[in-house]
Amino acid sequence: MNPVKKDQAAGNRRLRFPKHIREEWYGRVYAYFCVTLLIVTIVSIVWFIASKGLNPFLSGAVSVPELLFGRTWSPESEPPLFGALPFLAGSISVSLLAAVLAAPFGFCAAVFMTQIAPKVGRRFLQPAIELLAGIPSVVYGFVGLSVIVPFLRNNFTGQGFGILAGTLVLSVMILPTITSIATDALSNLQAGLKEGSFALGATRWQTIYRLILPTTFPSLLTGVVLGISRAFGEALAVQMVIGNAPHVPRSLLESAATLTSIITLEMGNTVGGSLHNNVLWSLALILLIMTFLFVFTVRMLERRAGR
Amino acid sequence: MSAKTADRIALSVIIAVAGIIMLVLAALLGYLLYRGLSHVSWHFLTSVPQPFRKGGGIGPQLFNSLFLLVLTMIITIPLGIGAGIYMSEYAKPNRLTNFIRLVVEVLSSFPSIVVGLFGLLVFVNLFHLKYSLAAGALALTVFNLPLMVRVTEQALRSVPQSQKEAGLALGLSRWKTIRSIMLPMAFPAIMTGTILAAGRVFGEAAALLFTAGMTTPRLDFTDWNPFHSTSPLNPFRPAETLAVHIWKINAEGRAPDAPEIAAGASAVLIIIVLLFNFGARALGRAIYRKFTATK
Chain A
1 MNPVKKDQAA GNRRLRFPKH IREEWYGRVY AYFCVTLLIV TIVSIVWFIA SKGLNPFLSG
61 AVSVPELLFG RTWSPESEPP LFGALPFLAG SISVSLLAAV LAAPFGFCAA VFMTQIAPKV
121 GRRFLQPAIE LLAGIPSVVY GFVGLSVIVP FLRNNFTGQG FGILAGTLVL SVMILPTITS
181 IATDALSNLQ AGLKEGSFAL GATRWQTIYR LILPTTFPSL LTGVVLGISR AFGEALAVQM
241 VIGNAPHVPR SLLESAATLT SIITLEMGNT VGGSLHNNVL WSLALILLIM TFLFVFTVRM
301 LERRAGR
Chain B
1 MSAKTADRIA LSVIIAVAGI IMLVLAALLG YLLYRGLSHV SWHFLTSVPQ PFRKGGGIGP
61 QLFNSLFLLV LTMIITIPLG IGAGIYMSEY AKPNRLTNFI RLVVEVLSSF PSIVVGLFGL
121 LVFVNLFHLK YSLAAGALAL TVFNLPLMVR VTEQALRSVP QSQKEAGLAL GLSRWKTIRS
181 IMLPMAFPAI MTGTILAAGR VFGEAAALLF TAGMTTPRLD FTDWNPFHST SPLNPFRPAE
241 TLAVHIWKIN AEGRAPDAPE IAAGASAVLI IIVLLFNFGA RALGRAIYRK FTATK
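Read top to bottom, the protein sequences are chains A and B. Mapping to my numbering: the first sequence position 169 is 169, numbers consecutive. Mapping to my numbering: the second sequence position 295 is 295, numbers consecutive.
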């Protein structure tokens, strides 16, 4: 090939794939690769946990109602009993109670930061809430174990471990979630609404109670559901203070257990592939399904809030 | 009751609640620092834990936590930024994008214990990584990735549209515009978000119980070859982090001074997390000031 033609061919190639087009392709491939990885991750999480968790049902060892409504958890007995009702009851009651406790606090904090004293709120309360969100869950568990549990033991009946201790710890943990979403909702309030209410002679409390609360209610609820979802999935802090007794609790001060606490405790001590181990994966599958339910509830509420 | 009295009562209740929250935080931090710091010393920070005797430290755990954080960030940052770029620049407003948004949302709301269990199944068993730093870092990546994606996406979206258009109008490719114009402008926000995410990773324990493990082999801190089995830098050794250590000594600690160790370790953990928090904000402000030349 003569050198002129060779040069031309190279030039053509360069024209067809100039630098900026090649570089665009590299970038695009990279970004697409990262996103594909996200999708692969979630699909494999669902796939692996579901395939493990469905195992006890598919092999016929445990039936779904047996697991969901069985009141006895004794994997060592003959025949072994795998009733997860105690854990379901524990998980649901701690997370609901924590939300019931944290929601008014979160709402009041949000009102304080947006309506009453925005300057003080931004200077002090906002950083405080962010710090609460930053504290690791084991530290909450440790404080619960060394402050709340002894306090409950000395002032009430029982050992101090139980639903109440779990609720108190969790409510502080989910307070930041509820507060930050409530604050966002309150500061995005339609302009003029509040002023209109004041102009009609309403007091601040009347405005908050009759106007702000109903208008922002769906958003507030979103925050509460997110809080419940976080409390439901929280493992170590709860495990440290709840006492870990696998029976349906009859009082708030009685030792109980949650889905996450039983998984934390028993996953390491069981042999992989045994029925006991597989049932623990079924409990993890329940956690997974609950996560999906929470996400869809939040989406529904957000759509309603957006309207 | 007149409206004015009701107003006054309600407002005082709200102010009281705000005060209570501040008090709870102050009491929490005060308690941790007061109880913990009296036990913290150079010896405590550098010596190995003693399972049955007094005087154990948290040296290896502290190192493991920091090293695991570095490993996690090395994996997470490029992936998170890449996916964030996709979400803000390449994603078209269609079904697929909505689906990816849902994926990010679900991924970020998975309980960390579920992420840990997934890590146990896939990284520890399927990839044969055993209980190791590598498995822990991968699990933490799953846990951290959605946050990084969101941080990057928001940072890129807050870059003024005109900057991007100017780049494109000058004939730069889209990728070149993103890389040399938008990413530098978004850098302060991405950095702040990353450091905040790092704080979260540093305190995480539930995802690590069954991935990085609950034990640390004897480490030789003079051997820095990552391929030696006793080297602290070996990514394929089990590693108990500080947060996991706190949990473990509370759950099954047999040392006579277990409560003091837990308190000391909690204080150290919380101080580091606070440093991350304040550092992120201060750095973000400083870089912003430098980049925008405002005072």
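Derived by calculation from the structure, the hints in this document are not laboratory data. All C-beta atoms in this analysis are idealised placements derived from N, C-alpha and C, irrespective of residue type, glycine included. Treat the hints with care, since some could be wrong.
Stated by the list, open to error - Calculated cross-link-like contacts (lysine-lysine; reagent style DSS-like; alpha-carbon spacing at most 30 Å):
#1 Lys248/B to Lys130/B
#2 Lys92/B to Lys164/B
#3 Lys92/B to Lys4/B
#4 Lys176/B to Lys290/B
#5 Lys19/A to Lys176/B
#6 Lys54/B to Lys248/B
#7 Lys290/B to Lys119/A
#8 Lys194/A to Lys119/A
#9 Lys19/A to Lys164/B
#10 Lys119/A to Lys92/B
#11 Lys194/A to Lys4/B
#12 Lys19/A to Lys130/B
#13 Lys176/B to Lys164/B
#14 Lys164/B to Lys54/B
As the list claims (entries may be wrong) - Coverage of chain A stretches by chain B, computed from C-beta distances (three or more under 8 Å per stretch; other residues unrestricted):
#15 85-98
#16 119-128
#17 140-146
#18 160-168
#19 205-217
To be verified - Just the calculated beta-carbon pair ranges, DEER-fashion:
#20 Ala27/B to Arg153/A: 34 to 40 Å
#21 Phe17/A to Leu170/B: 38 to 44 Å
#22 Ala117/A to Pro226/B: 38 to 44 Å
#23 Leu189/A to Ala251/B: 43 to 49 Å
#24 Arg281/B to Ala191/A: 25 to 31 Å
#25 Pro217/B to Pro18/A: 24 to 30 Å
Each hint, compared with the structure:
1. Lys248/B to Lys130/B: The hint holds at about 20 Å.
2. Lys92/B to Lys164/B: holds (17 Å)
3. Lys92/B to Lys4/B: violated (53 Å)
4. Lys176/B to Lys290/B: holds (23 Å)
5. Lys19/A to Lys176/B: holds (10 Å)
6. Lys54/B to Lys248/B: holds (16 Å)
7. Lys290/B to Lys119/A: holds (26 Å)
8. Lys194/A to Lys119/A: Holds - the C-alpha atoms of Lys119/A and Lys194/A are around 18 Å apart, at most 30 Å.
9. Lys19/A to Lys164/B: Distance of about 19 Å is within 30 Å: holds.
10. Lys119/A to Lys92/B: Roughly 40 Å between the alpha carbons, so the hint for Lys119/A and Lys92/B is violated.
11. Lys194/A to Lys4/B: Distance of about 17 Å is within 30 Å: holds.
12. Lys19/A to Lys130/B: Between Lys19/A and Lys130/B the Cα gap is close to 44 Å, so the pair fails against 30 Å, i.e. violated.
13. Lys176/B to Lys164/B: Answer holds: Lys176/B to Lys164/B is near 10 Å, not above 30 Å.
14. Lys164/B to Lys54/B: It is violated: about 61 Å lies between the C-alpha atoms, which goes past 30 Å.
15. 85-98: Since three or more residues must qualify, the claim that chain B covers the region 85-98 of chain A is violated, with 0 doing so at under 8 Å.
16. 119-128: It holds, with 4 qualifying residues against the three required.
17. 140-146: Answer holds; 5 residues pass the 8 Å Cβ test.
18. 160-168: violated (count 0)
19. 205-217: Since 4 is at least three, the answer is holds.
20. Ala27/B to Arg153/A: 34 to 40 Å: Violated, since Ala27/B and Arg153/A (Cβ atoms, about 19 Å apart) do not stay within the stated range.
21. Phe17/A to Leu170/B: 38 to 44 Å: violated (20 Å)
22. Ala117/A to Pro226/B: 38 to 44 Å: violated (54 Å)
23. Leu189/A to Ala251/B: 43 to 49 Å: holds (46 Å)
24. Arg281/B to Ala191/A: 25 to 31 Å: holds (29 Å)
25. Pro217/B to Pro18/A: 24 to 30 Å: violated (54 Å)
Comparing the model with each numbered hint stated earlier shows that hints 3, 10, 12, 14, 15, 18, 20, 21, 22, 25 do not hold.
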